[in-house]
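Protein chains: 10
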Amino acid sequence: MLETFDNQYPDRRYSIEIVCPEFTSVCPKTGQPDFGTLTITYVPAGKCVELKSLKLYLQQYRNLGIYYEHATNRILDDLVAALEPRQMSLRAAFSARGGITTTVTASYETSPKT
Amino acid sequence: MLETFDNQYPDRRYSIEIVCPEFTSVCPKTGQPDFGTLTITYVPAGKCVELKSLKLYLQQYRNLGIYYEHATNRILDDLVAALEPRQMSLRAAFSARGGITTTVTASYETSPKT
Amino acid sequence: MLETFDNQYPDRRYSIEIVCPEFTSVCPKTGQPDFGTLTITYVPAGKCVELKSLKLYLQQYRNLGIYYEHATNRILDDLVAALEPRQMSLRAAFSARGGITTTVTASYETSPKT
Amino acid sequence: MLETFDNQYPDRRYSIEIVCPEFTSVCPKTGQPDFGTLTITYVPAGKCVELKSLKLYLQQYRNLGIYYEHATNRILDDLVAALEPRQMSLRAAFSARGGITTTVTASYETSPKT
Amino acid sequence: MLETFDNQYPDRRYSIEIVCPEFTSVCPKTGQPDFGTLTITYVPAGKCVELKSLKLYLQQYRNLGIYYEHATNRILDDLVAALEPRQMSLRAAFSARGGITTTVTASYETSPKT
Amino acid sequence: MLETFDNQYPDRRYSIEIVCPEFTSVCPKTGQPDFGTLTITYVPAGKCVELKSLKLYLQQYRNLGIYYEHATNRILDDLVAALEPRQMSLRAAFSARGGITTTVTASYETSPKT
Amino acid sequence: MLETFDNQYPDRRYSIEIVCPEFTSVCPKTGQPDFGTLTITYVPAGKCVELKSLKLYLQQYRNLGIYYEHATNRILDDLVAALEPRQMSLRAAFSARGGITTTVTASYETSPKT
Amino acid sequence: MLETFDNQYPDRRYSIEIVCPEFTSVCPKTGQPDFGTLTITYVPAGKCVELKSLKLYLQQYRNLGIYYEHATNRILDDLVAALEPRQMSLRAAFSARGGITTTVTASYETSPKT
Amino acid sequence: MLETFDNQYPDRRYSIEIVCPEFTSVCPKTGQPDFGTLTITYVPAGKCVELKSLKLYLQQYRNLGIYYEHATNRILDDLVAALEPRQMSLRAAFSARGGITTTVTASYETSPKT
Amino acid sequence: MLETFDNQYPDRRYSIEIVCPEFTSVCPKTGQPDFGTLTITYVPAGKCVELKSLKLYLQQYRNLGIYYEHATNRILDDLVAALEPRQMSLRAAFSARGGITTTVTASYETSPKT
Numbered sequence: 007m008l009e010t011f012d013n014q015y016p017d018r019r020y021s022i023e024i025v026c027p028e029f030t031s032v033c034p035k036t037g038q039p040d041f042g043t044l045t046i047t048y049v050p051a052g053k054c055v056e057l058k059s060l061k062l063y064l065q066q067y068r069n070l071g072i073y074y075e076h077a078t079n080r081i082l083d084d085l086v087a088a089l090e091p092r093q094m095s096l097r098a099a100f101s102a103r104g105g106i107t108t109t110v111t112a113s114y115e116t117s118p119k120t
Numbered sequence: 007m008l009e010t011f012d013n014q015y016p017d018r019r020y021s022i023e024i025v026c027p028e029f030t031s032v033c034p035k036t037g038q039p040d041f042g043t044l045t046i047t048y049v050p051a052g053k054c055v056e057l058k059s060l061k062l063y064l065q066q067y068r069n070l071g072i073y074y075e076h077a078t079n080r081i082l083d084d085l086v087a088a089l090e091p092r093q094m095s096l097r098a099a100f101s102a103r104g105g106i107t108t109t110v111t112a113s114y115e116t117s118p119k120t
Numbered sequence: 007m008l009e010t011f012d013n014q015y016p017d018r019r020y021s022i023e024i025v026c027p028e029f030t031s032v033c034p035k036t037g038q039p040d041f042g043t044l045t046i047t048y049v050p051a052g053k054c055v056e057l058k059s060l061k062l063y064l065q066q067y068r069n070l071g072i073y074y075e076h077a078t079n080r081i082l083d084d085l086v087a088a089l090e091p092r093q094m095s096l097r098a099a100f101s102a103r104g105g106i107t108t109t110v111t112a113s114y115e116t117s118p119k120t
Numbered sequence: 007m008l009e010t011f012d013n014q015y016p017d018r019r020y021s022i023e024i025v026c027p028e029f030t031s032v033c034p035k036t037g038q039p040d041f042g043t044l045t046i047t048y049v050p051a052g053k054c055v056e057l058k059s060l061k062l063y064l065q066q067y068r069n070l071g072i073y074y075e076h077a078t079n080r081i082l083d084d085l086v087a088a089l090e091p092r093q094m095s096l097r098a099a100f101s102a103r104g105g106i107t108t109t110v111t112a113s114y115e116t117s118p119k120t
Numbered sequence: 007m008l009e010t011f012d013n014q015y016p017d018r019r020y021s022i023e024i025v026c027p028e029f030t031s032v033c034p035k036t037g038q039p040d041f042g043t044l045t046i047t048y049v050p051a052g053k054c055v056e057l058k059s060l061k062l063y064l065q066q067y068r069n070l071g072i073y074y075e076h077a078t079n080r081i082l083d084d085l086v087a088a089l090e091p092r093q094m095s096l097r098a099a100f101s102a103r104g105g106i107t108t109t110v111t112a113s114y115e116t117s118p119k120t
Numbered sequence: 007m008l009e010t011f012d013n014q015y016p017d018r019r020y021s022i023e024i025v026c027p028e029f030t031s032v033c034p035k036t037g038q039p040d041f042g043t044l045t046i047t048y049v050p051a052g053k054c055v056e057l058k059s060l061k062l063y064l065q066q067y068r069n070l071g072i073y074y075e076h077a078t079n080r081i082l083d084d085l086v087a088a089l090e091p092r093q094m095s096l097r098a099a100f101s102a103r104g105g106i107t108t109t110v111t112a113s114y115e116t117s118p119k120t
Numbered sequence: 007m008l009e010t011f012d013n014q015y016p017d018r019r020y021s022i023e024i025v026c027p028e029f030t031s032v033c034p035k036t037g038q039p040d041f042g043t044l045t046i047t048y049v050p051a052g053k054c055v056e057l058k059s060l061k062l063y064l065q066q067y068r069n070l071g072i073y074y075e076h077a078t079n080r081i082l083d084d085l086v087a088a089l090e091p092r093q094m095s096l097r098a099a100f101s102a103r104g105g106i107t108t109t110v111t112a113s114y115e116t117s118p119k120t
Numbered sequence: 007m008l009e010t011f012d013n014q015y016p017d018r019r020y021s022i023e024i025v026c027p028e029f030t031s032v033c034p035k036t037g038q039p040d041f042g043t044l045t046i047t048y049v050p051a052g053k054c055v056e057l058k059s060l061k062l063y064l065q066q067y068r069n070l071g072i073y074y075e076h077a078t079n080r081i082l083d084d085l086v087a088a089l090e091p092r093q094m095s096l097r098a099a100f101s102a103r104g105g106i107t108t109t110v111t112a113s114y115e116t117s118p119k120t
Numbered sequence: 007m008l009e010t011f012d013n014q015y016p017d018r019r020y021s022i023e024i025v026c027p028e029f030t031s032v033c034p035k036t037g038q039p040d041f042g043t044l045t046i047t048y049v050p051a052g053k054c055v056e057l058k059s060l061k062l063y064l065q066q067y068r069n070l071g072i073y074y075e076h077a078t079n080r081i082l083d084d085l086v087a088a089l090e091p092r093q094m095s096l097r098a099a100f101s102a103r104g105g106i107t108t109t110v111t112a113s114y115e116t117s118p119k120t
Numbered sequence: 007m008l009e010t011f012d013n014q015y016p017d018r019r020y021s022i023e024i025v026c027p028e029f030t031s032v033c034p035k036t037g038q039p040d041f042g043t044l045t046i047t048y049v050p051a052g053k054c055v056e057l058k059s060l061k062l063y064l065q066q067y068r069n070l071g072i073y074y075e076h077a078t079n080r081i082l083d084d085l086v087a088a089l090e091p092r093q094m095s096l097r098a099a100f101s102a103r104g105g106i107t108t109t110v111t112a113s114y115e116t117s118p119k120t
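Protein chains in written order, with our numbering: chain A, 7 to 120; chain B, 7 to 120; chain C, 7 to 120; chain D, 7 to 120; chain E, 7 to 120; chain F, 7 to 120; chain G, 7 to 120; chain H, 7 to 120; chain I, 7 to 120; chain J, 7 to 120.
Next comes chain A alone, as it looks inside the complex:
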């Protein structure tokens, strides 16, 4: 469902940061909604993500029961599969529950940093 468009500067190692402060899913344990801010940062290879399709992709989690840690890793995996980037990281900062705030950060890269 994630759409892409061609990166017109494939030879330059540059980065794109996308902040989505309106992510929401459902806690699989309590059935209560969770809210969070996703920050996606990637170095494109041949493809860039189309923002409208990203927005619709993230809305699929709106009524889905899933833990923070799994949501973070699954979104990263889906984006990596669709974009085949040189490098990507995903930071997911969830709002407080029971006075405790959780942020999960995962990353992917094809080769050691240079």
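If you are wondering where the hints come from, they were derived from the structure by calculation, not from laboratory data. One thing to keep in mind: the hints can contain errors.
What the hints assert, rightly or not - 16 Å max Cα-Cα, derived EDC-like pairs, lysine to aspartate or glutamate:
no., chain 1, residue 1, chain 2, residue 2
1, G, LYS35, C, GLU56
2, G, LYS53, G, GLU23
3, E, LYS53, D, ASP17
What the hints assert, rightly or not - Not close to chain C: a few residues of chain A, all C-beta gaps over 10 Å, as computed:
no., residue
4, LEU8
5, THR10
6, ILE24
7, GLN38
8, GLY52
9, LEU62
10, ASN69
11, LEU70
12, HIS76
13, GLU90
14, SER101
15, THR116
As the list claims (entries may be wrong) - Pulled from the structure, derived: some chain H residues nowhere near chain J, Cβ distances all over 12 Å:
no., residue
16, THR45
17, GLU75
18, ARG80
19, GLY104
20, THR109
21, THR116
From the three backbone atoms N, C-alpha and C, an ideal C-beta is built for every residue, glycine too.
Using the hints provided, position chains B, C, D, E, F, G, H, I and J relative to the given structure of chain A.
Here is chains B, C, D, E, F, G, H, I and J on its own, set in the frame of chain A:
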């Protein structure tokens, strides 16, 4: 008392940050309550900490007399024992006493960073 | 238990604001601790509150099960009884529970404002 | 569905402010989710709102298509019907769409302010 | 060009605030672009402004040469003509030129405030 | 030296706020430069101040020895003489000297506020 | 010890605000230093306070044992005696002790506000 | 169209950062204006960019339809061609669309960093 | 005069940060008081500093004439002598004098960082 | 004109940061004043800069026409000549002109960092 759940992405080196701004214990010298914010950051191996049990674990310090430095190190040791993480750090920022603010930071790792 | 000292400027209508960001009590429903910031503002008549005794008075709520609304009103009543001020207000801002934050504000005065 | 509990201080004119930063509904025109922060302020008469039921009540809007202006007024009407407060105001600040941010504020009171 | 929709709560005196941080016009003297943030606040009578049409209306100023003071008053006049509100104010905060920042605030109301 | 242009909306009581954070003069006692931020707010009658001429007018103080209080009142008098506004206030916030910060606020109006 | 200079604009009702963030005195009970920020606001009649002498006057409290409430009122009385202003207020915000912050505000005026 | 002036310190490796918060272009897909802040950082070799010409150069994008990623890379290429710097980076932070914010960062350098 | 207590975790390389925003000394040149914030960060070996004794130690500077640079280095030397830490740094940020702010940072370590 | 005093800790590699937010010079092109904040950071060898003489030195630029880039490099050269430091950097952040803000950063060191 700390409960865990299985990390479903054990092969990925990713991090989890948990902020607990409602930590309180008692000063062993004066008997007065202390307040602080704990920031736990770890790279899970096989296990992740369950947040509700973490909250209950930290509440055990509510009426306990203990120094800042010892509380910080003891909580780190307990979390390391329960989670056996690849890496963990604990930052404990206590509120001012006598116009002086103290922050204690300790960390654990199984091997040198890569 | 609240101690007072004599107001040396009883003829001047001046105000004293006291902020206590380390208030904690227990939720009577869930048994979980609550945290809040109390802001007491008063115009003294003959007496001022002694700060050390105020601190010890507030610590009595540390392990007490009580609702936000009742704690706020009870503390106001106790302070009014001890200080007999010209005017007093109490603002109690509690930290978020379930993504919802509550602030209760109550006030007392002996006569209409001038 | 909104539950209440008895106000134990019905003779005192005091106020309760409740902030809900996790409100979300659906735009009836585009089908896209909207996000906002609700701030409810009221002076209770005989009843106070129970927070858990308020949270569940607001979750009913999660998948409902409704305009900002109507959601704000409807929630105010429902809360007034359930609580019969002396006074109530509702401020709903919605996040930006097309670079434009909207905040709707409505209020109710039984008699002129004193 | 400004479109409206019916206010479903015409009997309640409530307010709508709309913030547009992406306003731009052209300085008639220098030909250089100006940038500003418009804050529209109004109490609707029978009609509310449709946001998409407001956005398109404001884009008409993008390549128009006009002074700050005149733009502010003209936009207010156009909105009042289209909405016939009970009350409306417009605050236009322009970004600095030559180290000097200007904010123009104008308002309209059908009757004295109550 | 202050230039003006015609107010095209003389029948509307609206306000213009101008912030000048780059005001500098010289302390007549020590010969050291002083720095401050001027905030001019006025309700125009027939004339508005032209910003470029205001900037040049204020630069006349750059090498002038004058006390804070006198500079504030003199600038207000000069602006009132040039603009004949319905109302004007001038707030001059000077940067700290010897750990002490001073802000002088003066205002003018032709008739009581309505 | 407080020196003054002539107000050159005695017919205009304007205000002067002076912020002194470096006030320090000694707690008469514990012998420990206290720290605070004083904000003096006054409408001058015939005299303005000379800032250097104000600074030296406040330094007299550096090693003096005195309670917050008394220091605030005494400084106000001394300034009123020296300046004979139309109106004056003093806000003294002291830094936290035992997690509790106190602000004392007192004011003087020769006649009701207009 | 980009003008330059000679760098008088060509032997020193120093940096120049230029922030342009008033960049605007048009979305090629929707025809709607986009807004962003450009941050240009470079280490000059023989030439520095003249700011007025930079401002006029950026205004050429005001009515141009172009994607974020392409605008960022094209501006970087044009600046590199005109200035032949030792090093240059361009960070373009665009304002939110559909609740999603994008920042593109690209850089150029003649040789590995030292 | 600086007292210490035993570090119960001598084998762990952890850090303690202590912030003292209420440091004051006297300028040896002008006799005027100076104010600053000290930030002490250290990795303990066998001993930790007792906070009350640190507070009393710093109060010895209250009426002492000493330059910023010397005070910073002397305090560092005294703390190193008393604690024999693995590593220590001291950052002293002094408040503005004549519009100029100074921060002195010095550090000590027994061996190169690992 | 820059005066120095002896560094009493010449064997310790420590740093001194001096922030001067009140720098002003004149644009050589337009004759208009420019304003900026200078941040000087250095590791002293045998000499430290005396602050009063630094202040007077910087005032020499008050009525001097000079470009940002040249002023920054010239001040750095003058300070290096007077202090012969181990290391020095100068960051000059100028206020916005035409909506564009410029910051120039230059540095000097006698040998590679350790």
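- Message: Check whether the Cα positions of LYS53 (chain G) and GLU23 (chain G) lie no farther apart than 16 Å.
- Response: holds, 14 Å
- Status of the stated non-contact between ARG80 (chain H) and chain J (beta carbon gap over 12 Å): At about 19 Å from chain J, ARG80 (chain H) clears the 12 Å cut-off, so the statement holds.
- Beyond 12 Å from every chain J Cβ: check whether that's true for GLU75 (chain H). At about 23 Å from chain J, GLU75 (chain H) clears the 12 Å cut-off, so the statement holds.
- Mind verifying the non-interface call on THR116 (chain H)? Its CB should be farther than 12 Å from each CB in chain J. holds, 19 Å
- Query: Has the given pair, LYS53 (chain E) with ASP17 (chain D), been kept, meaning a C-alpha gap of at most 16 Å?
  - Reply: Outside the cut-off at roughly 40 Å; violated.
- Message: Minimum C-beta separation from GLU90 (chain A) to chain C exceeding 10 Å: can you confirm that?
- Response: For GLU90 (chain A), whose nearest Cβ neighbour in chain C is about 37 Å away, the distance exceeds 10 Å, so it holds.
- Item | Interface exclusion of ILE24 (chain A) relative to chain C, criterion Cβ beyond 10 Å | The claim stands: ILE24 (chain A) keeps its Cβ more than 10 Å from every Cβ of chain C (closest is about 25 Å).
- Per the stated criterion, does the least C-beta distance between LEU70 (chain A) and chain C lie above 10 Å, as a non-interface residue requires? Consistent with the label, LEU70 (chain A) stays out of reach of chain C, its closest Cβ about 18 Å off (over 10 Å).
- Message: If we take the beta carbon of GLY52 (chain A), is the closest beta carbon in chain C still more than 10 Å away?
- Response: holds, 41 Å
- Task: May I ask you to check that THR109 (chain H) keeps its beta-carbon over 12 Å from the closest beta-carbon of chain J?
- Result: Check passes; 18 Å lies beyond 12 Å.
- Message: Please check whether the beta-carbon of THR45 (chain H) is more than 12 Å away from every beta-carbon in chain J.
- Response: violated, 9 Å
- Going by Cβ atoms, does SER101 (chain A) stay more than 10 Å from chain C at every point? violated, 6 Å
Of the numbered hints listed earlier, those contradicted by the structure are 3, 7, 14, 16.
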